[in-house]
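**Student:** The listed protein sequences derive, respectively, from chains P and V. Numbering-wise (the working numbering), the first sequence opens with residue 34 and increments by one. Numbering-wise (the working numbering), the second sequence opens with residue 177 and increments by one.
Hints in this document: simulated from the structure, not taken from any laboratory. Just so you know, not all the hints are guaranteed correct.
[Claimed, not checked] With a Cα cut of at most 30 Å, we get these calculated DSS-like pairs of lysine-lysine:
id, chain 1, residue 1, chain 2, residue 2
1, P, K49, V, K277
2, P, K233, P, K89
3, V, K314, V, K184
4, P, K49, P, K291
5, V, K184, V, K238
6, P, K49, V, K205
7, P, K291, V, K184
8, P, K291, P, K233
9, P, K89, V, K238
10, V, K314, P, K65
11, P, K65, P, K49
12, P, K89, V, K184
13, V, K277, V, K205
[Unchecked claim] Not close to chain P: a few residues of chain V, all C-beta gaps over 12 Å, as computed:
id, residue
14, L183
15, A192
16, S221
17, Y279
18, F281
19, I308
20, F311
21, L316
22, G317
23, I354
24, R371
25, W403
26, Y436
Here a beta-carbon is modelled for each residue, glycine too, at the ideal position from N, C-alpha and C.
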Amino acid sequence: MTHSAAAPDVSIILDKATVEYQLFSARGRSLKGALLRRTVGGQIKAGGDGIATSVKALDNITLTLRPGVKLGLIGRNGAGKTTLLRALAGIYEPTGGRIIINGTTASMTDLMMGMDMEATGRENIFLRGVFLGLSFERARALVPEIADFTELGEYLDLPMRTYSAGMMLRLSFAVSTSLRPDILIMDEVIGVGDQSFYAKAEARLNEMIDSAHIFVVASHDNDIIRRFCNRAMVLHQGHIMFDGEVEAALAYYAENLKNA
Amino acid sequence: MAVRTALKDLYDGARAWRIWYVLTTTEIKSRYRRSKLGQFWFTLSMAVTVCGIGFVYGALFKQPYVEFITYLAVAFPIWALISTMTADAPSVFINAEAQMKHYTFPKSAFVWQMIMRNLFIFAHNIVLVVPIFLFVGKGLGWPVLAFLPALAAYVLTGMWLGLLFGTLGTRFRDVPQILASITQMAFFVTPVLFRPALLPENLQFIIDHNPFAALLAIGRDPLLGLWPRASDWLYVGIITLLGFAAALPIYGRYRRHILYWL
Chain P
34 MTHSAAAPDV
44 SIILDKATVE
54 YQLFSARGRS
64 LKGALLRRTV
74 GGQIKAGGDG
84 IATSVKALDN
94 ITLTLRPGVK
104 LGLIGRNGAG
114 KTTLLRALAG
124 IYEPTGGRII
134 INGTTASMTD
144 LMMGMDMEAT
154 GRENIFLRGV
164 FLGLSFERAR
174 ALVPEIADFT
184 ELGEYLDLPM
194 RTYSAGMMLR
204 LSFAVSTSLR
214 PDILIMDEVI
224 GVGDQSFYAK
234 AEARLNEMID
244 SAHIFVVASH
254 DNDIIRRFCN
264 RAMVLHQGHI
274 MFDGEVEAAL
284 AYYAENLKNA
Chain V
177 MAVRTALKDL
187 YDGARAWRIW
197 YVLTTTEIKS
207 RYRRSKLGQF
217 WFTLSMAVTV
227 CGIGFVYGAL
237 FKQPYVEFIT
247 YLAVAFPIWA
257 LISTMTADAP
267 SVFINAEAQM
277 KHYTFPKSAF
287 VWQMIMRNLF
297 IFAHNIVLVV
307 PIFLFVGKGL
317 GWPVLAFLPA
327 LAAYVLTGMW
337 LGLLFGTLGT
347 RFRDVPQILA
357 SITQMAFFVT
367 PVLFRPALLP
377 ENLQFIIDHN
387 PFAALLAIGR
397 DPLLGLWPRA
407 SDWLYVGIIT
417 LLGFAAALPI
427 YGRYRRHILY
437 WL
């Protein structure tokens, strides 16, 4: 997939975006229970019954990302990194405020997503292409290049369940990195274990990141953030605590949150 | 506003037909990939069901076998279509959790997928009428044309069921069980295993006030060579309108919450 050389209108705008949802207990999950609660009214104390807990995963976030930004997200587990990534990718819709996304988006959070173990390698390449919104012809056109890159040879005509873990990783990596989206979202930078394949894979990944107009990655690895990003953001409990220079953000995080 | 959101999502879902087309075909293919008969297992198991029930219940109800098996070969696949769509509806989004957390498909694509899967299975089941009708020497006649609008009504039924119960089923995890029980009970009071005429006058009300019976009748009668009754179509029309009247606002209002409920 190609993109236009200049894409000045690629952008992501968050306007007071909030993601607040409820985690229900087993009791809160029951329609029968909900109807009974309604009919018996005030007999059960509201709030204290453990039916639902409200979680504010993103709290009133205002943010604009424009072409050229390579943003790293830093924060502890549960800080809202994954939620923000999903919101930036257009997967989560905010429950308050607005998110406007201009441009084609690819989110690489789970490489194996959408792989059918019973289908052959070739069929899986085609499937992924269709899931990413390509026409049948264009999805079919993806196959030769990806097949070639994986060096899997005749295995590509066998069901994926016969593959070794390394082979599966090669295929899913090659498929995931075959497109050139305007906006690229990653949850940790993917690594491909296999030594011989490594150099080739890294070159391909770098090319993909370079060609994206907007790149956002969440990582616990400072080196990754340093290597790929030109801006970093510290998240804590759904709030942006810091947004700016990579080194400054890492320092802020180390000082205020890492061991807190 | 909520209704507009829901309609837009349905429209976007329809435009993403390639996605639910490949989702359905891979789902069915992987189920039968390792068997020689492939998807015609659907046909075979329906044939066994129809013949088995035909002989046993035909004897129990003292029905002429030929007519009874003809009736079953038409009524059973239609019943399977309606009841499976009802039973599948609450899980449409639950089963699509992985895809929904990864791609930005319009969520209604998974409702379309559920409808297409069931229509595909229905197509494999209903072909049974061909050998059976040939064997018993029964023709189809003009009323068969009235089957096409019935098919459209089934698609619409699957759509509001999927939108409404898919949303409710994601929030309330006992909805699938509740609907499964309802469908199970409906089976006994819907003329699938017996012809409506067999029911005594004082029990006719279980057909006249049964939405499943009306849905079944509009598709069954045309295939049996009869024009469908206006009263059945009126009933189906009302249920469909009420269904959408409930489904569109609820889906439109809660669509964005579905992912957070998973």
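**Student:** Each hint needs a verdict: does it hold in this structure or not?
**Tutor:** Taking the hints in turn, this is what the structure says about them:
Between P/K49 and V/K277 the CA atoms are separated by roughly 22 Å; this keeps the pair inside 30 Å, and the hint holds. Of the pairs offered as hints, the one joining P/K233 and P/K89 is violated, with about 41 Å between alpha carbons and a cut-off of 30 Å exceeded. In summary, the hint linking V/K314 to V/K184 is not supported, as the alpha carbons are separated by about 45 Å, beyond the 30 Å threshold. Pair hint P/K49 plus P/K291 holds up; C-alpha atoms about 27 Å apart against a cutoff of 30 Å.
A C-alpha spacing of about 53 Å is found between V/K184 and V/K238, which places the hinted pair above 30 Å, so the restraint is violated. Distance hint between P/K49 and V/K205 is unfulfilled; the C-alpha atoms sit about 45 Å from each other, more than 30 Å. About 45 Å separates the Cα atoms of P/K291 and V/K184, which puts this hinted pair outside 30 Å; it is violated. With a CA separation close to 34 Å, the supplied pair P/K291 and P/K233 exceeds the 30 Å bound.
Annotation: proposed proximity of P/K89 to V/K238 is violated, straight-line Cα distance about 65 Å (limit 30 Å). Between V/K314 and P/K65 the alpha-carbon distance is near 48 Å, which puts this suggested pair outside the 30 Å criterion. Only pairs whose Cα atoms come within 30 Å are accepted, and P/K65 paired with P/K49 is rejected, the gap being roughly 36 Å. For a cut-off of 30 Å, the pair hint linking P/K89 to V/K184 stands: about 28 Å separates their Cα positions.
Note on V/K277 and V/K205: the hinted pairing holds, with a Cα-Cα distance of about 24 Å set against a maximum of 30 Å. V/L183, annotated as away from the interface, keeps every beta carbon of chain P farther than 12 Å; the closest lies near 17 Å. In this structure V/A192 is not separated from chain P by more than 12 Å, as the shortest Cβ-Cβ distance comes to only about 8 Å. Listed as a non-interface residue, V/S221 keeps its Cβ farther than 12 Å from every Cβ of chain P; the least gap is roughly 20 Å.
A beta-carbon of chain P is positioned within 12 Å of the beta-carbon of V/Y279; the least distance is around 6 Å. With a least CB separation of 8 Å from chain P, V/F281 falls inside the 12 Å interface cut-off, contrary to its annotation. At roughly 33 Å from the closest C-beta of chain P, the C-beta of V/I308 stays outside 12 Å, upholding its exclusion from the interface. With a minimum CB-CB distance of about 36 Å to chain P, V/F311 clears the 12 Å threshold, and the non-interface call stands.
Separation of V/L316 from chain P is adequate, the least Cβ-Cβ distance of about 35 Å exceeding the 12 Å criterion. Every CB of chain P lies more than 12 Å from the CB of V/G317, the least distance being 39 Å, so the non-interface label holds. Its closest Cβ contact with chain P, about 7 Å, brings V/I354 to no more than 12 Å, contrary to its assignment away from the interface. No beta-carbon of chain P comes within 12 Å of the beta-carbon of V/R371; the shortest separation is about 36 Å.
Under the 12 Å C-beta cut-off, the non-interface status given to V/W403 relative to chain P holds; the minimum distance is some 40 Å. Residue-level check failed: V/Y436 sits 3 Å from the nearest beta carbon of chain P, not beyond 12 Å.
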